[in-house]
Amino acid sequence: MASASAPEHALSEPPKAREQLPAVRRRFVHGPLASCGRLTLSALVLFGRAWRLFWASIHALREVGLWGPLLLPQMARVGVASVPIAVFIAIFTGIVMSLQASYTLSGTLPLYFVGTMVGKSMIIELGPVLTGLVLAGRVGATISAELGTMRVTEQIDALETLAYDPVVYLVIPRTVAGIVMFPLVVLIATSVGIGSAWVTALELLNMSSAEFVKGLRLFFEPWDVWFAVIKTISFGAIVTGVGCFFGLQTDRGARGVGRATTRTVVVASMCILVLDAFWAAVLL
Amino acid sequence: MSIHLDRVHKAFGPREVLCGLSLDVAEGEIAAIVGPSGCGKSVLLKHIVGLLAPDSGAVVVAGRSVPELDRESLAELRRRIGYVFQFAALFDSMTVAANVGMGLRRLPGWDGRRIARRAEECLELVDLAGMGDRYPAQLSGGQRKRAGLARAIAASPEYLLYDEPTTGLDPVTTSVIDKLVVRMRDELGVTGLVVTHDMTSAFRVADRITFLHEGRARFSGAPDELRVAPDAVLKGFVEGDPGLYYGTEG
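From first to last, the protein sequence lines stand for chains X and L. Just so you know, we're using this note's numbering here: the first sequence kicks off at 1 and counts up by one. Just so you know, we're using this note's numbering here: the second sequence kicks off at 1001 and counts up by one.
Derived from the structure by calculation, the hints contain no laboratory data. Owing to the predicted nature of the structure, the values given are computational and were not obtained by experimental measurement. From the three backbone atoms N, C-alpha and C, an ideal C-beta is built for every residue, glycine too. Be a bit skeptical, because a hint or two may be false.
Not the full set, but computed from the structure, chain X residues with beta-carbon under 7 angstroms of chain L [claimed, not checked]:
id : residue
1  : P22
2  : E154
3  : Q155
4  : L162
5  : E203
6  : N206
7  : A210
Lysine to any residue pairs mimicking SDA-like chemistry, simulated, CA-CA at most 25 angstroms apart [unchecked claim]:
id : chain 1 : residue 1 : chain 2 : residue 2
8  : L       : K1046     : X       : D251
9  : L       : K1046     : X       : D165
10 : X       : K214      : X       : V229
11 : L       : K1046     : X       : G256
12 : L       : K1046     : X       : L46
13 : X       : K214      : X       : L187
14 : L       : K1046     : L       : R1113
15 : L       : K1046     : X       : L53
16 : X       : K120      : X       : A280
From just these sequences and the hints, can you work out the full model?
Put into structure tokens, the structure is as follows:
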């Protein structure tokens, strides 16, 4: 009898509501569930491809004879060409840090602590992270657009037909260049940032060089520099790696190249912030 | 058989491009694959050179199953195959001469001077003598295609795969390219596979023509057999008659 009551109940609903029910269910239940499923699936596929590229890169490292000669030009493009923008950012970061430290400390601590705050934060945080984020835009986007264009114009297919492995020929030189050059660019940027903070302290805060240096040396630990270097090596690997990955995944013409470039900047920036937190938790 | 495909299936998402395609190309023969745009001709070529793997079926080149080859063996096979891309696919950051010599750089016994000499030889062969110092962006469409052909023949391959070698070219350049394709076979004994929808070109160069339709080989035979084939769809394609091709005539 129970089974008979269900159709009766259904029949008792107004006809319009009965028609709307599947549509509502489709819209509010099936739709979001299907979207979630699709998103999960595409994320897993993407992760699988990234993992495959990672392992292919590890294997490709052995072929030094092939990627070695391509390393120097890539180091120039990834590192040397990035110095001006990194220095520009560092100069203004140094000025702001110096002024904000003075503003924060005034009346509570001696002014030479400006040097302490500037030194510590520039070396372990602002130098690596700000430079890393800028390079994610500059280097990551360049790599992604370059490889993406090569992909959609079949240049990568052409490389393969000429018996070249794109991972050896394109990915490894860029990634190794990033690993080597990012720490150097960050060291230059950090030094310039501290320098600009120093000049600001002398010119605008009426501090002496002796005071600034006293503060700078107060809590300085050589480990801080190593911490920054380790961090930026990981930033170099992730920015160039993400750029290569999305570049090689590009499809659908110019629009695809644009999408790959955007994804690279977004994902690389997110990875930098996650890695920053990771290294702080692990190494400090 | 030099190139052998057996019941090859390939789908991209829900769209099946090759639906059990079988094809044989004999040693020293030029086979033309004709068919409408988007019927899977380029996909077929990419399977032969291992750029794509079939979902099912066999792809055998020179007695070796391409999908089963490891990285080194595939690279070795690819050195025996020249591939002429539809839009040339020249490396735009390199000069034309560097493009042509690119495949030779990794071969033993090829130093810079020998590569430069060979690049110049190949460029002469495709009527691009003296253009080695230019960049791809400085070439016309026809010149780019010829440079792509020069790059494909530089390493003296045993097989040449041509993806729409004459599309978008003027009749004179088309004729030059066609003569080059035939010359590669006559002088160097190269086995050729030409993918095209230019029927004049196909009749001019091919020993055998295969008509690809809906992912399968609908016709395969000598050019003279194709001319008299009774199949309306084939006739419609060859004569450029939509009524016959789509079966809407009458």
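Tested hints:
The interface hint given for P22(X) is violated, since its Cβ lies 24 angstroms from the closest Cβ of chain L, which is over the 7 angstroms cut-off. For E154(X), the shortest C-beta to C-beta distance to chain L is roughly 4 angstroms, which falls under 7 angstroms, so the interface hint holds. Residue-level restraint check for Q155(X) holds (minimum Cβ-Cβ distance to chain L is 5 angstroms; threshold 7 angstroms). Evaluation of the L162(X) hint against chain L yields a held restraint, the C-beta minimum of about 4 angstroms falling below 7 angstroms.
The beta carbon of E203(X) comes no nearer than 46 angstroms to any beta carbon in chain L, farther than 7 angstroms, and the hint placing it at the interface is violated. Evaluation of the N206(X) hint against chain L yields a violated restraint, the C-beta minimum of about 53 angstroms exceeding 7 angstroms. A least Cβ separation of about 52 angstroms between A210(X) and chain L goes past the 7 angstroms threshold, and the interface hint is therefore violated. As the CA atoms of K1046(L) and D251(X) are separated by approximately 16 angstroms, the hinted pair is consistent with the 25 angstroms bound.
With a CA separation close to 16 angstroms, the supplied pair K1046(L) and D165(X) stays within the 25 angstroms bound. Of the pairs offered as hints, the one joining K214(X) and V229(X) holds, with about 24 angstroms between alpha carbons and a cut-off of 25 angstroms not exceeded. Pair hint K1046(L) plus G256(X) holds up; C-alpha atoms about 21 angstroms apart against a cutoff of 25 angstroms. For the hint linking K1046(L) to L46(X), the alpha-carbon distance of about 23 angstroms falls within 25 angstroms, and the restraint holds.
A hinted pair counts as satisfied when its Cα atoms are at most 25 angstroms apart, and K214(X) with L187(X) qualifies at roughly 21 angstroms. Note on K1046(L) and R1113(L): the hinted pairing is violated, with a Cα-Cα distance of about 32 angstroms set against a maximum of 25 angstroms. Between K1046(L) and L53(X) the CA atoms are separated by roughly 21 angstroms; this keeps the pair inside 25 angstroms, and the hint holds. Distance check on the hinted pair: K120(X) and A280(X) sit about 14 angstroms apart at the alpha-carbon level, within 25 angstroms; holds.
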